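Those protein sequences? They're chains H and E, same order as listed. First residue of the first sequence? That's 10 in my numbering, and the numbers climb one at a time after it. First residue of the second sequence? That's 959 in my numbering, and the numbers climb one at a time after it.
No wet-lab data here; the hints were simulated from the structure. All of these numbers come straight from a predicted model, not from anything done at the bench. For each residue, glycine too, the CB sits at the ideal point set by N, CA and C. Where hints are given, some of them may not hold.
With a straight-line Cα cutoff of 30 Å, these simulated DSSO-like cross-link-like pairs (lysine-lysine) come out [stated by the list, open to error]: (1) 1015(E) <-> 79(H); (2) 45(H) <-> 969(E); (3) 106(H) <-> 77(H).
A few chain H positions that, by computed beta-carbon distances, are all more than 10 Å from chain E [unchecked claim]: (4) 35; (5) 50; (6) 75; (7) 110.
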Amino acid sequence: GEDVEQSLFLSVREGDSSVINCTYTDSSSTYLYWYKQEPGAGLQLLTYIFSNMDMKQDQRLTVLLNKKDKHLSLRIADTQTGDSAIYFCALTSGTYKYIFGTGTRLKVLA
Amino acid sequence: GAGVSQSPSNKVTEKGKDVELRCDPISGHTALYWYRQRLGQGLEFLIYFQGNSAPDKSGLPSDRFSAERTGESVSTLTIQRTQQEDSAVYLCASSPLALNYEQYFGPGTRLTVT
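Using the sequences and the hints given, assemble the complete structure.
Structure, rendered in structure tokens:
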């Protein structure tokens, strides 16, 4: 089945950029998402990208998609302490089934 | 408007007891998902409902797990004869349409089996 991998932890200093990475195996993935989960809360959609795009920018967020390497990344510019959370990538292949990554815990140091 | 709500927020139960978890989706959302999130792990798909179609139960880990949804309203996830490995956060999400639409998540129910 589909495998979606993320590194477990990332620590950055406030004001620096954060880059969270995601690799996947299913080349038929059509929509790719980034969700944020704050402590004690459900997941919140941050942004998404279609598979026919290479990049999408939304304010402080930049999503890069490398289809050849099956690699998705989320860059957060000027990272703030409020960005501390778990970040999940998720994929669909044109069906209702979403495959979620293992999540990356981002810790922002003041 | 109101988001997805789940109850209870926390549940502690003894091994062997049955538990029932509730999800109230956003009004008008036809699709509803249940996921399990074990500590330090990603989301594990459990079951999917879409309108009045037959649910996709392919993610349910054993026959101790079952879920119901009446029309496009409330859903309940029932775990019978709970085991310690059932301890996890159970997340519910709803979506206006299943295909490539954003999922709106509830805050989850943290289940602890002692």
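Notebook entry, point to check: Are all C-beta atoms of chain E more than 10 Å from that of residue 75(H)?
Noted result: Nearest chain E Cβ is 21 Å from residue 75(H), so the label holds.
Notebook entry, point to check: Against chain E, does residue 35(H) keep a CB gap of more than 10 Å to every residue?
Noted result: holds, 15 Å
Check: Are the Cα positions of residue 106(H) and residue 77(H) separated by 30 Å at most?
Finding: holds, 23 Å
Margin query: The output says residue 50(H) does not contact chain E. Does that hold with a beta carbon cutoff of 10 Å?
Written below: The claim is violated: residue 50(H) sits with its nearest Cβ about 5 Å from chain E, within 10 Å.
Next item on the list: Please work out if residue 45(H) and residue 969(E) have their alpha carbons no farther apart than 30 Å.
Entry: holds, 24 Å
Notebook entry, point to check: Is residue 110(H) truly not at the interface, in the sense that its beta carbon sits beyond 10 Å from all beta carbons of chain E?
Noted result: Label violated. Min Cβ-Cβ 6 Å, cutoff 10 Å.
Item checked: Pair hint outcome, residue 1015(E) versus residue 79(H) [Cα-Cα no greater than 30 Å] -> holds, 29 Å
Going through the hint list in order, the structure does not satisfy hints 5, 7.
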